[in-house]
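S.K.: Protein chains in written order, with this note's numbering: chain A, -9 to 270; chain Y, 11 to 378; chain V, 244 to 536.
Please note that a few of the clues may not be correct.
To be verified - Straight-line C-alpha distance at most 30 angstroms; calculated DSBU-like pairs for lysine-lysine: (1) V:K428 / Y:K263; (2) V:K404 / Y:K263; (3) A:K20 / A:K124; (4) A:K159 / Y:K318; (5) Y:K14 / A:K124; (6) Y:K17 / Y:K353; (7) Y:K344 / Y:K14; (8) A:K212 / A:K159; (9) Y:K323 / Y:K353; (10) V:K382 / Y:K142; (11) A:K141 / Y:K14; (12) Y:K358 / A:K159; (13) A:K243 / A:K20; (14) Y:K178 / Y:K38; (15) A:K212 / A:K124; (16) Y:K323 / V:K328; (17) A:K141 / Y:K13; (18) Y:K263 / Y:K230; (19) V:K523 / Y:K142; (20) Y:K358 / Y:K372; (21) A:K124 / Y:K230; (22) Y:K353 / Y:K263; (23) A:K124 / Y:K13; (24) A:K124 / A:K159; (25) V:K382 / V:K248; (26) V:K248 / Y:K263; (27) V:K405 / V:K428; (28) Y:K178 / A:K159; (29) A:K141 / Y:K344.
Unchecked claim - Here are a few chain Y residues that sit away from chain V, every Cβ distance over 10 angstroms (derived from the structure): (30) I169; (31) I279; (32) A295; (33) E374.
Hints are computed from structural coordinates only; laboratory data are not their basis. Bear in mind that the values here come from a model prediction, so they are computed numbers and not experimental data. Idealized CB from N, CA, C, for every residue including glycine.
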Amino acid sequence: MSNNVLRLEHATMQFGGVVAVDDLSLNVNKGEIVALIGPNGAGKTTAFNMITGVYQPTNGAIYFNDELIISNRPKGKMKKIYAGGYESHNNKRIVKTPDRITKLGMARTFQNIRLFTNMTVLENVLIAKHMRAKHNVFTATTRIAYSEEKKMREEALALLEMQGMTYLKDEIAGSLPYGIQRRLEIARALATEPEILLLDEPAAGMNPQETNELTDFIAKIKNDYNLTVFMIEHHMDLVMTISDRIYVLDFGKLIAEGTPEEIQNNPRVIEAYLGVSEDA
Amino acid sequence: MDKKTQKRIIIDILLVIALFAGLYVMEKTLPRNSMVFPVLKKGAIYALLAVSMNLLNGFTGLFSLGQAGFMLLGAYTYAILTIPVQSRASVYQYYDGGALTFALPPWLALILAGVVAALFASLIGFAVLRLKSDYLAIATLGFAEIIRAFVQWEAMGPITNGSNVLRKFPYFRSVLVPFAVVGICIFVIVLLLNSSYGRAFKAIRDDEVAAEAMGINLFKHKQMAFVISSFFAGVGGALFAMFNTTVIASTFKSSLTYEILLIVVLGGIGSVSGSVMASFLYVAASEWWLRFLDEPLFIGAFQVPLLKSGFRKVVFSVIIMVVVLFYREGMMGKNELSWEFIKDRLGKLKNKLKNIGKKKVKAEAENE
Amino acid sequence: MEFSKFLPYILSGVSVGGQYALMAIGYTMVYGILRLINFAHGDIFMSAGLIMVYLATWLPIYVAMPLTIAITVAIGFLVERIAYKPLREAPRMSIMISAIGVSYFIQNFALYLTGGLTKQYPEIPFISRTVEIFGQRTKMVTVITPFLTLFLVIALVTLIKKTKVGMAMRAVSRDFETSRLMGIKINSVISVTFIIGTFLAAVGSMLYFTNYTGVSTISGSMPGLKAFVAAVFGGIGSIPGAVIGAFVIGICENIIKGLGWTTFSDAFTFALLIVILIFKPNGIFGEANTDKV
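Using the sequences and the hints given, assemble the complete structure.
M.R.: Below you can see the structure in the form of structure tokens.
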């Protein structure tokens, strides 16, 4: 058994004539922090959406803890395009919906924060606890499963306590400052009890000071919760400081892979970024 | 449970007892034919129908227009199962007394009315709940129409009496019955909404993608909300049948759904107490307070213009359009009526009055 | 079963199909641009019928007809301005509720005016005349409808393809926000859409009510829903799709009537709708679109 938590094999996502992600193969090992970088429009978020079941890939397979969770094989007209190319070994079409993938132990955040903005901080976390509670609609309504509700609350409060957010528990999520909303979204993802955390541009819109705090925060939760982290990020300081390995995507294709030092000196990466982003 | 919540619960229970006592006293003292009673009865039934629709449209974010269809199922189920055996020959006169040779007690038939509606909903749900908002609306509307055509089908005659009226089934006389049934139903819905499942419904309403990423199975929860809402629509339909004392398919057209929907909007999409208050207000206004708009009125030889049959409904639709366009939150928005809410609103009102007072003083000072 | 037995049903199917088509275009164009099921469209169709009834009592028919069209178009324009325009930025549910509110208002207003009575539709010379076709006696309107419909549709398609307004309409239905940024006057485009839609509905109502002779307050809701289903069937947003859908529905429901299943002729339309939504949600001519996450 390999020790990778997440593995993509030939994952391809095509929208009409546009190949957003082209034959992407990568793996994230247990306990690693891996970053996926690339210029805007390189297909990073699309890759995340494939992994979490939001989009169904046109071709390829995705494994979670060596279990095949998503796979597809082109058919009809698509088959011709892929003929002779990278047809993956799997023949089955397997689709797991995002909720099942989350339940398996994969949690994510979104590029454009998606909190339940009308609800309180505590309610946001409680919603993430819903799927793991041992109740059904009857026992929950009649309060037979009141102990479960109590347990959910205790766990949610404990989580907020650990994130130092207890004092915010009754605030409406949408009214919080941007930086705190980001942190809350991560806290909410943690509440689903994940093995691997997928962060989509966690530092977007943050100033250097906030980014530094976030860097520490990610390192801390990784240790506290024994997590594996896979993230998309543009802030190179953040990426270079905490990543164990980096994958670089450009126009949907993987152009480089390696440690932060290797990536910093890779001529293809430099070329892809030149004139595109000042961040590098 | 802390002391404060305990105290609240006791107060709430006392209020409910007081309400029922009040109703009882009213029934004993007021004349039998007082307008109050039909208004209270119909108001209570509409409250349940509006709350059950709100559970779906307001709390789960599923824009469904199938309410009349589920009400029809409930009404027919109740009527068919409870018509006394000796009355069947006269009711089913065109169908040799109908196919059924037994009658169930009303309370059991009332529950079955909900169950039948819920069963249909679970079947329909598989087909329509994956559709996006407005397609869902039109598909549920379509299903309601199909159900309505189906019960009027000649071949169904021995059971549904075709397009003829169903009557002679037991109904309530006291206003306490619909209040008790509706009260229990709404209480259960409130418990559901305040449970973890209620939170999950609201999460789906606010952001489907995020809810799914939190491990909430969209289809399962939507189906649940749809089935539960339909159950209560079915019970509401049965009560509606009892209120009317007859059942005929042509009552349950899409305009009935629209009526309930507009009550929900009036009360606030996403507020149970709003729906309840709006129901009573709507029924009282349309059946009682605004009746005079339909009567031609003479002052001396002068006839007040516009007043004639149907004007009430025109006024009503104008009010509703004003609410829809300018007060989109309705009476309550997403808030619930609670002591805190009343206190909060009173506080705001006080501040407003104070400000007006201040302005007046200021204006007077400037004038001098 | 012999053909001649079904001929009258097919004939009236083609005729009613054409009338649905004229209405379906209004639905499909409005949906294409505003993503709104205009629940009031069927009631505007009914209003056109009532306006004609009232005008024809004191005006010669040739004056009443254009005047009916003009008034109906004005109503369509006003409904959009009053009930839909203020809700441009509101959630989609609100604008749909507003449409239902308008429908409720128009029906109640009509009820108030007519006192709930079914009004006799005036005879329009020439199209009310009885003719014989394939050995079947029928009204002239049955023969005229499909041709008039086709003529109007071709004119409309030409308008959309060749004129500047048409180009703007296509742009707005493709991307509302971008069109606005490109300086297209969104509100005028939407108004034009409503004007065209109600114009066609008014023409349709004259053909429809000539066949059915009576107008009541709810005469519009069922044909309206059927026309909407036709639009979904053809792929919402597509004009030829809506027209084909309307003819399919018109012919099918009349054949069902011919088979003696009149109770189910309305239900059939909805069953068709649900089947379409489940198996081909974008209709026959519609385009697929993916939501961006």
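S.K.: Within 30 angstroms, alpha carbon to alpha carbon, are K323 of chain Y and K328 of chain V?
M.R.: Given that 30 angstroms is the threshold and the Cα spacing comes to 24 angstroms, the pair holds.
S.K.: Tell me if the straight-line CA distance from K124 of chain A to K159 of chain A falls inside 30 angstroms.
M.R.: 24 angstroms, holds
S.K.: Given the proposed pairing of K248 of chain V with K263 of chain Y, does the C-alpha separation stay at or below 30 angstroms?
M.R.: Outside the cut-off at roughly 33 angstroms; violated.
S.K.: Test the statement that I279 of chain Y is away from the interface with chain V: the closest C-beta pair must be farther apart than 10 angstroms.
M.R.: The claim breaks: I279 of chain Y does not keep its Cβ more than 10 angstroms from every Cβ of chain V (closest is about 7 angstroms).
S.K.: Does K353 of chain Y pair with K263 of chain Y here, judged by a C-alpha cut-off of 30 angstroms?
M.R.: The given pair, whose Cα atoms are some 41 angstroms apart, is violated under the 30 angstroms limit.
S.K.: Has the given pair, K141 of chain A with K344 of chain Y, been kept, meaning a C-alpha gap of at most 30 angstroms?
M.R.: Roughly 27 angstroms between the alpha carbons, so the hint for K141 of chain A and K344 of chain Y holds.
S.K.: Would the pair K323 of chain Y and K353 of chain Y pass a check requiring their Cα atoms to be no farther apart than 30 angstroms?
M.R.: 35 angstroms, violated
S.K.: Does the alpha-carbon distance linking K212 of chain A and K124 of chain A stay inside the 30 angstroms limit?
M.R.: 27 angstroms, holds
S.K.: For the pair we were handed, K358 of chain Y and K372 of chain Y, check the Cα-Cα distance against 30 angstroms.
M.R.: With Cα atoms ~21 angstroms apart, K358 of chain Y and K372 of chain Y stay inside 30 angstroms; holds.
S.K.: For the pair supplied as a hint, K141 of chain A and K14 of chain Y, confirm whether the alpha-carbon distance does not exceed 30 angstroms.
M.R.: 21 angstroms, holds
S.K.: Verify the proposed pairing of K14 of chain Y with K124 of chain A, using a straight-line Cα cut of 30 angstroms.
M.R.: Holds. K14 of chain Y to K124 of chain A sits at ~29 angstroms (cutoff 30 angstroms).
S.K.: Given the hint that K358 of chain Y pairs with K159 of chain A, test it: the Cα-Cα distance must not exceed 30 angstroms.
M.R.: 25 angstroms, holds
Checked against the numbered hints given earlier, this structure breaks hints 1, 2, 4, 9, 10, 22, 26, 28 and 31; the rest are met.
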